[in-house]
Structure formats: structure tokens, C-alpha cells
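Trainee: For reference, the chains in residue letters:
2 protein chains.
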Amino acid sequence: MTDTMQRIVLARRPQGFPVDADFRLEDIDMPTPAEGEVLVRLSHMSLDPYMRGRMDYVKSYTAPQELDQTMGAGGVGEVIASKDAGFAVGDKVFGMFGWASHGCVPASQLRKLDPDLPPSTALGVLGMPGFTAWSGLDAYGKMKAGETLVVAAATGPVGSMVGQLAKKAGLRVVGVAGGAEKCKMAVETFGFDACVDHRAYKNSIEMMEALHAECPDGIDVYFENVGGQVLGGVLPIMNTYGRIIVCGMIAWYSGESDDTGKMPLQKLWRMALVKRLTIQGLLQTDHVDRFGEFLKDVAPGVKSGEIAYVEDVAEGLENAPKAFFSMLKGGNTGKQVVKIS
Amino acid sequence: MTDTMQRIVLARRPQGFPVDADFRLEDIDMPTPAEGEVLVRLSHMSLDPYMRGRMDYVKSYTAPQELDQTMGAGGVGEVIASKDAGFAVGDKVFGMFGWASHGCVPASQLRKLDPDLPPSTALGVLGMPGFTAWSGLDAYGKMKAGETLVVAAATGPVGSMVGQLAKKAGLRVVGVAGGAEKCKMAVETFGFDACVDHRAYKNSIEMMEALHAECPDGIDVYFENVGGQVLGGVLPIMNTYGRIIVCGMIAWYSGESDDTGKMPLQKLWRMALVKRLTIQGLLQTDHVDRFGEFLKDVAPGVKSGEIAYVEDVAEGLENAPKAFFSMLKGGNTGKQVVKIS
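Residue numbers (the numbering used here), protein chains in the order written: chain A, 1406 to 1746; chain B, 1406 to 1746.
By construction, these hints were calculated from the structure, which means they are not laboratory data. It is possible that part of the hints are untrue.
[What the hints assert, rightly or not] Once the Cα atoms are required to be at most 16 Å apart in a straight line, the calculated EDC-like pairs of lysine to aspartate or glutamate come out as:
no.	chain 1	residue 1	chain 2	residue 2
1	A	K1572	A	E1614
2	B	K1672	A	E1661
3	B	K1701	B	D1717
4	A	K1701	A	D1519
5	A	K1744	A	E1723
6	B	K1734	B	D1717
7	B	K1734	B	E1723
8	A	K1680	A	D1622
9	A	K1573	A	D1622
10	B	K1672	A	D1663
11	B	K1672	A	D1664
12	A	K1672	B	D1694
13	A	K1667	B	D1602
14	A	K1744	A	E1720
15	A	K1517	A	D1489
16	A	K1488	A	E1442
17	A	K1680	B	D1717
18	B	K1667	A	D1663
19	A	K1672	B	D1717
20	A	K1672	B	D1663
21	A	K1573	A	D1702
22	B	K1701	B	E1483
23	B	K1607	B	D1663
24	B	K1497	B	D1521
25	B	K1744	B	E1483
26	A	K1667	B	E1483
27	B	K1680	A	D1691
28	B	K1667	A	D1664
Remember, predicted model here, so these are calculated numbers, not experimental data.
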């Protein structure tokens, strides 16, 4: 075993869009597991939009990322040393190891992985993003066959799961994605009925017209993960009794605004009343007691290929920041992971 | 029987706050009931904030008020001629007779009143406003004992019912009202735990501080009927998992805005996500199949005096516009009705 491991820390808080100098790659001593702990060599780590929010120093649902500490992230890997009876060398596990080559954590914080599935699926389709989609739709979607659902980042791990679950429930499913290639993938790989390329439209009104063409009966469920121009296009064509599940707003994570972001609250309030909308904030951790139910429901479909997933694999821990910046701009296709070893 | 009846029509659409010249009092021929119709002499008619919205020509949940036609309104009165076997002269009934001395409508549109209760209660505590409170809280409030609820227009027919139902459910109930007298009434007559006088505060931040003093544990349920500065004070102190039931926004009905109305959507979206708020539009007509259940639940308490109600009675149809203007400015105390005969 080597004497050192690598990690990436947050060197300073980003001003707006993050840059290289906000991060620092470090060599540190390899930890030795204490009683009840397990040492893991990562094969893959996850990159997710929520990480941008944690880099700001604001009160939110999670504590902010601490400066000079390992950037937080989920990861998967193989046990290389164990001081807990429940885990043996060679076990494949998931844990919150951070942006790092290795992780040493209490056994209680680890989850053993199904050996019949690629470990990286525990970061996307069968991990937090897939569960976000599943738990949000189940708790708040009130989906009815024949209705219309819209979701952006349609080829991402949340959007692609939202779309597939809604199709299964009999809804018309319209995605939004950046570029013709992703739109093609949304339809051909993930079975969306249609997908609108947001890069082809320069404001909310054009977006609304493009969405309306694909949602002739209006929108009943909008799974919100982007905000911005897509939200601006969706709001006017929401149907009476429509549901908006507010799960994320990647377009606004680095502090930018736009016409939609600046829309007066008074206008939204009127829409909410007149159309009797339900607007519901979603955080998957509120539903985490249902994670086992989710795996039972979805894992068989992933194994059989009935549920599709796409991963975008960056190579090497040192490239994590670059891959993260690219993801924030929609440069990834599918679930963004970093291959560590 | 006289040959004519009186009515008030909308003469023109108000520009901002309505004025006398927007209305016209007319004498018209007394209608004669056709087969299946009933002629009613009104004792009281209702004035409600929603009427302001209908005066604008905008697509909403109801058709706009037509020009030169009788202003719409609920009313109660006595049957004076009947061509329907179900109604006899002398019966007390509720119907949508409008701003008028008499009404002639199909029997199917009438509801017979409980002879043991004053007919005017069918316009307020046991009518649309009371039902709005009851149905909204029941469907969307998810009230739990020990939580805190806030409602404005606390002595109005919706607010006072919201407060009394929430108290019964074991919540801490904080009202907002205009002036010391109404605040006293909210506490002493309607049993609110506290009531904040919005006239004493000149912006949302002051309002927030005043509300926070009375809601030390934050706000779990906000029953929204005013918008404006009260909403601006409520939003920052909403608790995680808070529910906002959007039932009305009287502060904004005549087109005014303010800092809260102009708050950027992006800010609300972030609050909705971080606090996992539920924002729900409410229209009582969606729940109207439960009206019988409401009466069964609430009428005994009104009869026994356990449920309090206060009416503000204007005298004479000709004074309806003046009373309406006053109500929009909060000049009424309790449910605003007009005594017609």
C-alpha cells in the first residue's frame, strides 16, 4: 500500500462561475482505519450540480463546504482494509468519500453494492440522482396517464429517470436539452416523446412557443431542475391543477439572473391562484427512508436494460474540477462521474 | 307587488381603484318567474374581494363581469313567487342574485336556508368565505398541533374562520389586521393568540420583525389572502416544510405593486427548494362537493356560539359601491354585507 493518497480541497469560495484556482490538489498521508472503520480505494466519484451551491457560504439545507477540506462527493470503490466485521477486503461499497483517491469512514456510513451491477450505477441511475427523480415524482407528481410532463437536462441522471418513470406511468413526456445530439438521445435512448433544444431559442417567449408546440394540451407536471429560460417558457402553459416540483435550478447556481429569475413574485402568485398550481420544494434526503423501496423498484429494470442510463466518464481525480465546470455548462452527456482508478 | 326592481350594473371597467362612476343604479321591470323559476326579494347581499378581480377584463377562473349587466354577488332573501314545486312563498333561500333588490332564477340554483340561523350567515361564516377557510385548511393545511399559523384580514370572514379552525386543531394562531381595534377583536372575539397591526409597520422588514416576535418558532402555515407587505414579512420566517395556501391577494387587486410584489421569482424559488415549501393555489369552487360536510361540521358551532362571527352591515342597495370601496381598503370590520330590505 502507498503511503499517501490524493484529494482535492476547496481553496477559496468561487466568485460566480468557479475556476481552477478555487480548488487545490493535495497529497496527504494515507489514513489507517481505526476500530469500526473501513478504508476504501475509489474507482469512481460523482459530480453533481448541488456541489456548486455548497461552495457558497450561505445557510441552506446542508452546511456549506468547508475551506481547505476535501470537497464532498459520493463515490464507489473497493475495500482495501477493514476494522469492521461487516466489511471484508474486496467488497464494493458506496460512501461519501469526497473528491479523493481513497476514503476512510465508519462502517455505518457505507452501503454494500449489488455485485451484479457496475459500481458506478450507484452514483447515478441507482444513486442519489435516480432516487431524486423517483422520490419526487412518487411523493408530489400525482401523475395521471394522458397528462404531459416536462423536464430539462433530459439526458442527465435526474431528467432521464424522470422521463422514463413518467413514460411508464402513461404520460406524454417532453424533455429539454442542450443541442441536437442530446435531444436525439432523449428520444432514442430514454424514450421521451419529444425533446426541445434550448440552445435554439434565445428567450422565454421563444422557449414557450417551442414547448407549446410539443405540449399541445399544456403542461401538467414540471420537474424543475434548471430554472432560467426553461422555467420562463413553462409557466405560461402550465395547466390548471399543475404541479411544479422544485428540485434544482442549475441555470442560477452561479448567481446569474435573467428575465425569468427577475419575474415579479406578484405575477407568479396570480398564476398560482388562478391555475391552482402546486409548487413543491424537493430534497431527496427527506425521503431517504424509502431508498430500499426505490432500489427494489428500479434495479431490476436497470439489470434487464429496460431502464436506460448513460454515463459521462472523466479520467483521473486531477480532472475533476474541469469536468465539474463543464457539467455546470451542460457539457456532459449523461451522469458525470470521474474514474479514479 | 311593485312593478320595478333595482339593480347596480358595471358601467365601465375600473382603472386601478374603483370609483362611483364605474357603477350605475338602475330601475328595471320586475321579472315574472317562468316555469321552474323562483322570484326572491333580497334581505342581504354579499360583498367580497374577488369581485374586484372580475371587474377587469382578464382570463381567470371565472368569466369577467359583463358591462351593463347586474354586478354578480351572492344574496339571501325570501321567496315571493314560485313556479317550482320545491319552493314556497316565504322560504328563505341563498342564490347568486347579484347587486339587486330582487332576483329571479331557476330553482336548481337556490339553496334553502336553515330557519334556525340568521339568513345573512349564509353569506359569511356559513357561506363562501367560511367554506373557503374550511376547505383550504382541510385540503392543504396539514395542520399539526403545536405548529404556528398566520393569516391576515384576521377579523374578516375568511381570516376569522381560518384562525378559529386552526386554534381548534391546536396551533398557535397569529393574525394580521389593520388597526388596534381589529387586533383586539381578533384576540378577544376570535381567540387568536396574537394579532399584528400592519398599519404600525411601513415595510416588509418591519413586518417580518413584528411577526417573528409573535411567531418565535417560525411559521408553518400561511393562509394567504392579502399579498403585499404581509407576505413579504412572512416568507423569510417560514419554516422548513411550511405550507402557503394562496387564496387571495387583496393588496394587489387594483394593480398596485410593492417590494414584495416585485421580489424576484429566483429568490422565492430558492426559498421553496431550501425550505421544501408547498405553495398551493386555492379556489373554493374546486371543493364544492364538500359543502354539505362543511355545514355539518361548522353550523352547530355557529348555533351554539362556539364559533364566533362578526358582520359589518351597510344599509341600502344604493350604498353597495361605497361599502365595496371601503372593504377593499379594509374599512369593514367582519363580513361585509348590504342590507337590502
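Trainee: Next pair to validate is K1672 (chain A) with D1717 (chain B); report whether the Cα-Cα distance is within 16 Å.
Mentor: Distance of about 32 Å is beyond 16 Å: violated.
Trainee: When you check the alpha-carbon spacing of K1667 (chain A) and E1483 (chain B), does it fall within 16 Å?
Mentor: 53 Å, violated
Trainee: CA of K1672 (chain B) to CA of D1663 (chain A), is that 16 Å or under?
Mentor: Holds. K1672 (chain B) to D1663 (chain A) sits at ~12 Å (cutoff 16 Å).
Trainee: Would you check the hint for K1672 (chain B) and E1661 (chain A), treating anything up to 16 Å between C-alpha atoms as holding?
Mentor: 12 Å, holds
Trainee: Regarding the pair K1573 (chain A) and D1622 (chain A), is the alpha-carbon distance no greater than 16 Å?
Mentor: Violated: K1573 (chain A) and D1622 (chain A) sit about 19 Å apart, past 16 Å.
Trainee: So if I understand the rule, the pair passes when the alpha-carbon distance is 16 Å or less; does K1572 (chain A) with E1614 (chain A) pass?
Mentor: 23 Å, violated
Trainee: Given the hinted pair K1744 (chain A) and E1723 (chain A), is their Cα-Cα distance within 16 Å?
Mentor: Cα-Cα ~10 Å, so holds.
Trainee: For the pair we were handed, K1488 (chain A) and E1442 (chain A), check the Cα-Cα distance against 16 Å.
Mentor: 5 Å, holds
Trainee: When you check the alpha-carbon spacing of K1497 (chain B) and D1521 (chain B), does it fall within 16 Å?
Mentor: 11 Å, holds
Trainee: Quickly compare the C-alpha distance for K1744 (chain B) and E1483 (chain B) to 16 Å and report which way the hint goes.
Mentor: Holds - the C-alpha atoms of E1483 (chain B) and K1744 (chain B) are around 13 Å apart, at most 16 Å.
Trainee: With the threshold set at 16 Å, check whether the alpha-carbon distance from K1701 (chain B) to E1483 (chain B) stays at or below it.
Mentor: 23 Å, violated
Trainee: Holds or violated: K1744 (chain A) and E1720 (chain A), Cα atoms, limit 16 Å.
Mentor: 5 Å, holds
The structure fails hints 1, 3, 7, 9, 12, 13, 17, 19, 22, 26 (numbered hints given earlier, in ascending order).
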